[in-house]
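Asks: Chain by chain, the residues run as shown.
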Amino acid sequence: MFSYTIRRLLMLIPVLFGMTFIVFFMIRAIPGDPAQVILGQLATEEAINSLRAELGLDQPWFTQYFEYLKQLFTLDLGESLRTKTEVSEEIWPYLAATFELSFVALIIAVVVGVNAGIISAWFQKSWFDYTAMVVALVGVSMPIFWLGLMEQWMFSVQLDWLPPSKRENVKNPVETITHFYLIDTLIQGRMDQFIDVVKHLIMPGIALATIPMAIIARITRSSMLEVMRSDYIRTARAKGQKMFWVVYKHSLKNAVIPVLTVIGLQTGLLLGGAILTETIFSWPGIGRYIYNAIEFRDYPVIQSGILIVATIFVMINLIVDLLYALIDPRIKYN
Amino acid sequence: MAELARNNAPQKSLRGNSFLLWIEAWKSFKKNKLAVVGLFIVIVFIFLALSAPYITPEGINDQKLADRLLPPSSEHWLGTDDFGRDILSRVIHGARISLWVGFVSVIGSIVVGCFLGILAGYYGRWVDTIISRFFDIMLAFPSILLAIAIVSVLGPSLRNALIAIAIINVPNFGRLIRSKVLSIKQEEYVTAAKAIGMRDRRILFFHILPNSMAPIIVQGTLAIATAIIEAAALGFLGLGAEPPAPEWGKMLADSKNYLVQAPWTMFFPGIAIMLTVLGFNLMGDGLRDALDPRMKN
Chain A
1 MFSYTIRRLL
11 MLIPVLFGMT
21 FIVFFMIRAI
31 PGDPAQVILG
41 QLATEEAINS
51 LRAELGLDQP
61 WFTQYFEYLK
71 QLFTLDLGES
81 LRTKTEVSEE
91 IWPYLAATFE
101 LSFVALIIAV
111 VVGVNAGIIS
121 AWFQKSWFDY
131 TAMVVALVGV
141 SMPIFWLGLM
151 EQWMFSVQLD
161 WLPPSKRENV
171 KNPVETITHF
181 YLIDTLIQGR
191 MDQFIDVVKH
201 LIMPGIALAT
211 IPMAIIARIT
221 RSSMLEVMRS
231 DYIRTARAKG
241 QKMFWVVYKH
251 SLKNAVIPVL
261 TVIGLQTGLL
271 LGGAILTETI
281 FSWPGIGRYI
291 YNAIEFRDYP
301 VIQSGILIVA
311 TIFVMINLIV
321 DLLYALIDPR
331 IKYN
Chain B
1 MAELARNNAP
11 QKSLRGNSFL
21 LWIEAWKSFK
31 KNKLAVVGLF
41 IVIVFIFLAL
51 SAPYITPEGI
61 NDQKLADRLL
71 PPSSEHWLGT
81 DDFGRDILSR
91 VIHGARISLW
101 VGFVSVIGSI
111 VVGCFLGILA
121 GYYGRWVDTI
131 ISRFFDIMLA
141 FPSILLAIAI
151 VSVLGPSLRN
161 ALIAIAIINV
171 PNFGRLIRSK
181 VLSIKQEEYV
191 TAAKAIGMRD
201 RRILFFHILP
211 NSMAPIIVQG
221 TLAIATAIIE
231 AAALGFLGLG
241 AEPPAPEWGK
251 MLADSKNYLV
261 QAPWTMFFPG
271 IAIMLTVLGF
281 NLMGDGLRDA
291 LDPRMKN
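As you go down the protein sequences, you meet chains A and B in turn. Position 296 (the first sequence) corresponds to 296 in the UniProt record's numbering; numbering is contiguous. Position 77 (the second sequence) corresponds to 77 in the UniProt record's numbering; numbering is contiguous.
Okay, chain B solo, but in the shape it has when bound (with noise of 0.2 Å):
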């Protein structure tokens, strides 16, 4: 019994490390006002896409073919589409679309990414070079046409664009993950594991993983911001959302052709994806700075 308290005592005080190490990362985050901003900006959009149903003052697909393209005004704040749908309750739904690609598509991208990653930089030799040059090769297509070409092959839908943005983010992760890999590979606690006979399972999972997360989270962040953009773009190109879908890119190519009566139409979803994405970025900024001042620029 008293060996297993021994035991017990460093990995406490190691988990409580840890701990005292987020706290502290908070308190620097908290400091940057800009960061603290974006955070802000995050949380008033994750809010209006949980309680849109609730809020909204009108269902998305609400025609009211008279009040077709009415300017914002105290009934509709922010105006009305050709087909009479108010703007802001579509705009209100649209966020509950572009995070929810957002979030769906990058975490994608994270578990793939790591689990390539983690295999190419723990086991080097022929497994990292074909995983390398897989990204390689990825990372040789802009992200756009790749995405493009993806959704054209699955066909055009929202499920098949949020696989196509979560795709072109993998070989981001990837590379993130197996430079980390590969420099925690030489540290000592893990050389202590190996010499005790731990698998590598465990190793790659429970130490090398763990010790990864900090660069994992910024870039995570940063990449919401991107992937809720490429939805928005895929969108905008008829390869996205289907309609009547509220899809803010959607919104912006069915804009197109009421810029002259109706600009209200383009102005709103625009701003809407605008601060979203304004907000994951100086959020994901400030979380480089508190978590890993080194990858500052």
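Bound-form chain A, shown alone (with noise of 0.2 Å):
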């Protein structure tokens, strides 16, 4: 396990690089020169130009990939060129929104998503099953932008119980010290505040984890279905151990290995997701930040924004599947 947890972060090493380059040179391909825009239509051409030589736009690619490397090395992901702060400095409140999001979404989609493969599976065949099945076929097919807008027609325009969008009552906003609002507003004891903020997760967390939580459901039902089959389910059954202990202590922990690829998979899907959800619900997160980045060219955040986030995605891919082997001792890595 220990030499097997190495190897798969060695291969981690090329993946990274390969990442960093593909990112630097598509940012560098996007038309338009970004000394041009941040200095507007109206710039001179020696202005221009200066603010060329400054970013270090003049240099040869390879000279600018390399001082790009060092600077990664060193943790420094360059400076905004339209806010002038540090991207490291600004990058987090962006993230955290994002995160606090995207776990949200996940505990939706996994506390739903099992439950209702598992009842599906105790109760094969009822209406229940039918039902959740169709739901969850529904799910998969959902663009959730759509799901966003229909949600934001009937809970808030129709029914006006939530708020369209937003992460806090901009009229009382939430007091920041880790940017995680449900951690803030509970150290801070503000309990009008943490039921604001939970009010504005709903919306964007239930249209996030919908694909998620159908795929959860589907394939949980599935994995229950061949588990409950086996010969000790039968066993603990004539033994006359309650259906409820069989099914959520003997079957769920024989049947977990799909469901938590599949929640490992989706955890990483999540993070592409959620830029799709923030931009429905005016989300501050990390995707609205690279997204806004991109209009504006601002190469650093766009940059830094993307490696960020396929770093996590792929972070999170290992930590599954090293997972693996600590919850099944069935799976040996050699």
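No lab work stands behind these hints, which were simulated from the structure alone. Quick caveat, the model's predicted, so the values are computed rather than measured. Ideal Cβ positions, reconstructed from N, Cα and C, are used throughout, including at glycine. Watch out, some of these pointers could steer you wrong.
As the list claims (entries may be wrong) - Within a straight-line C-alpha distance of at most 27 Å, the following computed DSS-like cross-link-like pairs (lysine-lysine) qualify:
1) A:Lys166 with A:Lys125
2) A:Lys125 with B:Lys33
3) A:Lys253 with A:Lys239
4) A:Lys125 with B:Lys27
5) A:Lys84 with A:Lys199
6) A:Lys199 with A:Lys171
7) B:Lys256 with A:Lys199
8) A:Lys70 with A:Lys84
9) B:Lys31 with A:Lys125
10) A:Lys166 with B:Lys256
11) A:Lys125 with A:Lys242
12) A:Lys125 with B:Lys30
13) A:Lys253 with A:Lys125
14) A:Lys125 with A:Lys199
15) A:Lys125 with A:Lys249
16) B:Lys256 with A:Lys171
17) A:Lys249 with A:Lys239
18) A:Lys242 with A:Lys253
Stated by the list, open to error - A short, non-exhaustive set of chain B residues, derived as facing chain A with CB atoms under 10 Å:
19) Trp26
20) Gly108
21) Leu145
22) Leu158
23) Trp248
24) Ser255
25) Gly270
26) Ile271
27) Ile273
Said to hold, decoys possible - Selected chain B positions facing chain A (Cβ under 10 Å, derived; list incomplete):
28) Asp136
29) Ala214
30) Phe280
Two chains, two frames, some hints: make the complex.
Replies: In structure tokens form, the structure reads like this:
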């Protein structure tokens, strides 16, 4: 296991290098000169040239690339061309916003998805099973940006239950400590704000959770059905064990590997889905941060943003792989 | 002459065999009710897409400002949008765009993915290392993020969205084919083909590729569903089709401003996306069960 972990970590190195390479060149290929964009259409040739020199844009590409790598090694993510602030300083609130949203979505997806899958398998061919699986089928095919709009129409416009967008009530802003608003409001004992933050999280959380929830429900059901047909489950039942314990203790433990794989994969995909959800709900997360930077040709922000998201994505996949061995002793890595 | 006839005989029976396999697959597909529903949905949308100019009540850009934001009625079944354009006509025309992007981008990904996957799987060694690492790196990015980055490099347009979607799907097909080639390479008929001195290109494209078709068809059908959603997502973000094209994602983005006065402008393009994607997903699942039972979950 230890050597496998080390080998997997070493294998990450070329992938991470490749990622920096791809991001660096893709960003350079974006049409338009950032110096021109920053200074505007009326800027003089001299001003543009001096800004290009200042930003290092007049250097040959390999100098720029090695300079970029050197900065990365010192964890220097560059300075935003737009706000003139270090990316490493200003990126955290956006990342925290996306993490909070993704975390809530993941909790919804896992709790609802796993339980719906279990109950479907337990009462196979019942009305619950059929309804849950039809909902899951539709859920997988649902464009989340449409679902988000439908939620806004239903719960904000028609029923006026939930706020339509943003992360907090702008008239009653949260005092930030960790930038995870749920935690910040709890630390400060501001229950009014905590409830407000939860209300803001419900709609984007559900929109983002829908697809993973549907996939998790389907995989849990099929995985549970397989396990529940095995001999030891029949033995447990024959011994007079309550069905609830047989399902939740014996079966779930052994059905969890494919479920965990899907949860791992979906966690990564949540980061991608978050970009769309953030657009609909004006959520100030990393997706919006990168998207706005693209409009402004803010190279350092686009580069660092994409690289950070991709690195998190790769790390999550690695952690999931390693978790298998911990959860299922039958899996051995050599 | 007699010798020729003898040589042809086994080939004919082989072809007959593969035809029989497809018939078997179709029989098993037919038994799966959900898959048939999926196929039906797909056929309906393909029909709508092909016959759009002849069946739509109005042109996609017929603006009647006096008829702005009218709710669904006998005259405009799905209502009108903010320019007074008939939503039904635009949704039907939108099927042309979405299906076009879905099919063409997936065919593009299959062609490039197969080529790279076959090279990696058949030649192994450094060719495999380079191509597989390239796939790893591509898959290290969340796909929609990569698509956004590619479109921002190429410039926002429907064609570039299509190219971006094709690019992000290449590694999925590449990996699939690579693993298939690795297993087929060990088969005796490939060894036999090599032994009689057959050239690599012939072995790859006439023996290995046709035997890898089943998983490609399954993955391809499911990939069309994803491609349609991705194209709509790019359109929604303003990185896909440009106005006045009746692209479903773009129509949804426009409807955002009229959630209160005219929610119907948002209902129908969304339903169209969902149904099409559902159709391809159901059909893909059915094909997977019919063509390759081992891939069943």
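Asks: Each hint should be assessed against the structure and marked as holding or not.
Replies: Results of checking the hints against the structure:
{"no.": "1", "hint": "A:Lys166 with A:Lys125", "in the structure": "42 Å, violated"}
{"no.": "2", "hint": "A:Lys125 with B:Lys33", "in the structure": "15 Å, holds"}
{"no.": "3", "hint": "A:Lys253 with A:Lys239", "in the structure": "19 Å, holds"}
{"no.": "4", "hint": "A:Lys125 with B:Lys27", "in the structure": "24 Å, holds"}
{"no.": "5", "hint": "A:Lys84 with A:Lys199", "in the structure": "34 Å, violated"}
{"no.": "6", "hint": "A:Lys199 with A:Lys171", "in the structure": "15 Å, holds"}
{"no.": "7", "hint": "B:Lys256 with A:Lys199", "in the structure": "21 Å, holds"}
{"no.": "8", "hint": "A:Lys70 with A:Lys84", "in the structure": "20 Å, holds"}
{"no.": "9", "hint": "B:Lys31 with A:Lys125", "in the structure": "18 Å, holds"}
{"no.": "10", "hint": "A:Lys166 with B:Lys256", "in the structure": "15 Å, holds"}
{"no.": "11", "hint": "A:Lys125 with A:Lys242", "in the structure": "21 Å, holds"}
{"no.": "12", "hint": "A:Lys125 with B:Lys30", "in the structure": "21 Å, holds"}
{"no.": "13", "hint": "A:Lys253 with A:Lys125", "in the structure": "23 Å, holds"}
{"no.": "14", "hint": "A:Lys125 with A:Lys199", "in the structure": "36 Å, violated"}
{"no.": "15", "hint": "A:Lys125 with A:Lys249", "in the structure": "22 Å, holds"}
{"no.": "16", "hint": "B:Lys256 with A:Lys171", "in the structure": "24 Å, holds"}
{"no.": "17", "hint": "A:Lys249 with A:Lys239", "in the structure": "15 Å, holds"}
{"no.": "18", "hint": "A:Lys242 with A:Lys253", "in the structure": "16 Å, holds"}
{"no.": "19", "hint": "Trp26", "in the structure": "22 Å, violated"}
{"no.": "20", "hint": "Gly108", "in the structure": "19 Å, violated"}
{"no.": "21", "hint": "Leu145", "in the structure": "6 Å, holds"}
{"no.": "22", "hint": "Leu158", "in the structure": "17 Å, violated"}
{"no.": "23", "hint": "Trp248", "in the structure": "8 Å, holds"}
{"no.": "24", "hint": "Ser255", "in the structure": "7 Å, holds"}
{"no.": "25", "hint": "Gly270", "in the structure": "3 Å, holds"}
{"no.": "26", "hint": "Ile271", "in the structure": "8 Å, holds"}
{"no.": "27", "hint": "Ile273", "in the structure": "5 Å, holds"}
{"no.": "28", "hint": "Asp136", "in the structure": "5 Å, holds"}
{"no.": "29", "hint": "Ala214", "in the structure": "21 Å, violated"}
{"no.": "30", "hint": "Phe280", "in the structure": "8 Å, holds"}
Violated hints for the displayed structure, listed by number in ascending order: 1, 5, 14, 19, 20, 22, 29.
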